[in-house]
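Protein chains: 2
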Amino acid sequence: MLTTAQIKHLKSLKLKKYRQNYDEFIIEGDKLITEALLGNEDMTLLIATDEWIVNNKATLPAHVAVEIAKQKELDTISSLSTAPPVMALVKQRSYTIADIEVSDNWILALDGISDPGNLGTIIRSADWFGINTIICSNNCVELYNPKVVQSTMGSIFHVKTIYTDLHAFIAANKHICVAATLDGQQVYGFQFDNEGILVIGSESHGISASILSLIQHRITIPSFGKAESLNAGVATSILLSLLANK
Amino acid sequence: MLTTAQIKHLKSLKLKKYRQNYDEFIIEGDKLITEALLGNEDMTLLIATDEWIVNNKATLPAHVAVEIAKQKELDTISSLSTAPPVMALVKQRSYTIADIEVSDNWILALDGISDPGNLGTIIRSADWFGINTIICSNNCVELYNPKVVQSTMGSIFHVKTIYTDLHAFIAANKHICVAATLDGQQVYGFQFDNEGILVIGSESHGISASILSLIQHRITIPSFGKAESLNAGVATSILLSLLANK
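From first to last, the protein sequence lines stand for chains A and B.
Residues in the first sequence are numbered from 6 upward in steps of one, following our numbering.
Residues in the second sequence are numbered from 6 upward in steps of one, following our numbering.
Among these hints, one or two may not hold up.
Any copy will do: because identical chains look the same in the list, a pair fits if it lies in one copy or spans two.
[Claimed, not checked] Here are the computed lysine-lysine pairs in the BS3-like style, where the Cα-Cα straight-line distance is at most 27 Å: (1) K21 <-> K179; (2) K62 <-> K16; (3) K19 <-> K75; (4) K36 <-> K231; (5) K152 <-> K231; (6) K152 <-> K36; (7) K165 <-> K36; (8) K231 <-> K13; (9) K96 <-> K231; (10) K231 <-> K62; (11) K96 <-> K251; (12) K165 <-> K231; (13) K96 <-> K13; (14) K19 <-> K77; (15) K21 <-> K165; (16) K75 <-> K165; (17) K13 <-> K165; (18) K251 <-> K152; (19) K62 <-> K21; (20) K75 <-> K36; (21) K251 <-> K77; (22) K96 <-> K19; (23) K21 <-> K152; (24) K251 <-> K21.
Since the hints were made in silico from the structure, they are not lab data.
Since the model is a prediction, treat every value here as computed from it, not as a measurement.
Excised from the complex, chain A in its bound form (with noise of 0.2 Å):
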């Protein structure tokens, strides 16, 4: 059974103030718990129903401590609309870019992303395209926000991503950088080396000046219709097939 202190400190978690105070963060269904336990994460605590429980008994590690919770509870705890019948509470890892390994792919460079689905499912194309390490600005949107948790699909145990002065690590980088823009040359017939840095802007500002004074190569997705901007994490999905495919 949950403690009434156990309930604060795992609602407590839906602030960023306290994820960070904590270094913990809360993953919901199965599909990210099981991504976690793959991924040797620190599962410090699993919640779920009786019945969840029941049903999953032969698969459970047996080094998580389980508390078995109501759904009114979990209902109070899960930052989804509906919440599912598990959930768990993982530390963070914390990664720096010492810990970018030294190989010939693609890092890929975020600079402002604000939107947490938006970043969510770039860390999940980027899984899937085998991009192993992003960079992220001090200002894109934490990683640990719910939103984005949930919406790599349990991706965010596959990637490195790791938040740094933007400017600074591509200054420091002797990698060839390319930059996504409105203003670039077609990136179909584009030939993308075996290595670089690819930078993606923000939804509303894109690339900031500072950083596009550092860019070897500018790059476009071609419109052919009366959209004015594709969605930010729907480009980034199309370059990293682009450079996957390449």
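Since the structure of chain A is provided, determine the placement of chain B on it from the hints.
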């Protein structure tokens, strides 16, 4: 000034039942208002703060009724977390399959897309890549759901989205059908014709078996990492980008 009855009516349109009763929906923010006016949509009422009206007087069309609203009133009418200073009441357009223009272009068919953000994103991407017509199975999320409307970023006024019995539509259509599945031929290298129907399945169940039996080609976006799937809006957009740039 808005009357209490008007506010009640506008608030009721958050629910599908009332949107369908009145054939109306609400659009929020400058971008959608601009696109609705450009598209000569049937806008029956524009509501905005005093300040917004003062700043936009020059561009307000004479034929649209305008009411001043307090920000507090807009907050109660809005479906967004932060209500913008301008909204409008717009009549729904209902297209049928008789409205499909005969042209050598692709039609996008959606089988049970249920997430409003995904449908909105797909409409926006279809617009970007020059697709004029989307056929939705009757169990897709409603077009005038506020989250769909807002995430189209105005493309709802550029693309004809038609709800129908998708199986019957495809069965009666002479075009080649290409479906996105997880077990298809690699899409890179797939030769798209100049016209056809691209079929996308639901987020959780894919394409229904009865529709799958009508499909000539199955295509797949190859994976390079550990993600189990791509977001449905992303996968659709990647395929549309390849179609448009074939």
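Cross-check of the supplied hints:
no., hint, verdict
1, K21 <-> K179, "neither (34 Å within a copy, 54 Å between copies)"
2, K62 <-> K16, "within (26 Å within a copy, 46 Å between copies)"
3, K19 <-> K75, "within (19 Å within a copy, 30 Å between copies)"
4, K36 <-> K231, "between (37 Å within a copy, 13 Å between copies)"
5, K152 <-> K231, "between (30 Å within a copy, 20 Å between copies)"
6, K152 <-> K36, "both (15 Å within a copy, 25 Å between copies)"
7, K165 <-> K36, "within (19 Å within a copy, 35 Å between copies)"
8, K231 <-> K13, "neither (49 Å within a copy, 35 Å between copies)"
9, K96 <-> K231, "between (45 Å within a copy, 21 Å between copies)"
10, K231 <-> K62, "between (53 Å within a copy, 26 Å between copies)"
11, K96 <-> K251, "neither (37 Å within a copy, 46 Å between copies)"
12, K165 <-> K231, "between (36 Å within a copy, 13 Å between copies)"
13, K96 <-> K13, "within (17 Å within a copy, 46 Å between copies)"
14, K19 <-> K77, "both (17 Å within a copy, 26 Å between copies)"
15, K21 <-> K165, "within (20 Å within a copy, 41 Å between copies)"
16, K75 <-> K165, "neither (34 Å within a copy, 45 Å between copies)"
17, K13 <-> K165, "neither (30 Å within a copy, 48 Å between copies)"
18, K251 <-> K152, "neither (31 Å within a copy, 35 Å between copies)"
19, K62 <-> K21, "neither (32 Å within a copy, 41 Å between copies)"
20, K75 <-> K36, "within (20 Å within a copy, 44 Å between copies)"
21, K251 <-> K77, "neither (50 Å within a copy, 52 Å between copies)"
22, K96 <-> K19, "within (14 Å within a copy, 38 Å between copies)"
23, K21 <-> K152, "both (12 Å within a copy, 24 Å between copies)"
24, K251 <-> K21, "neither (39 Å within a copy, 44 Å between copies)"
In terms of the numbered hints stated before, the structure departs from hints 1, 8, 11, 16, 17, 18, 19, 21 and 24, listed from lowest to highest.
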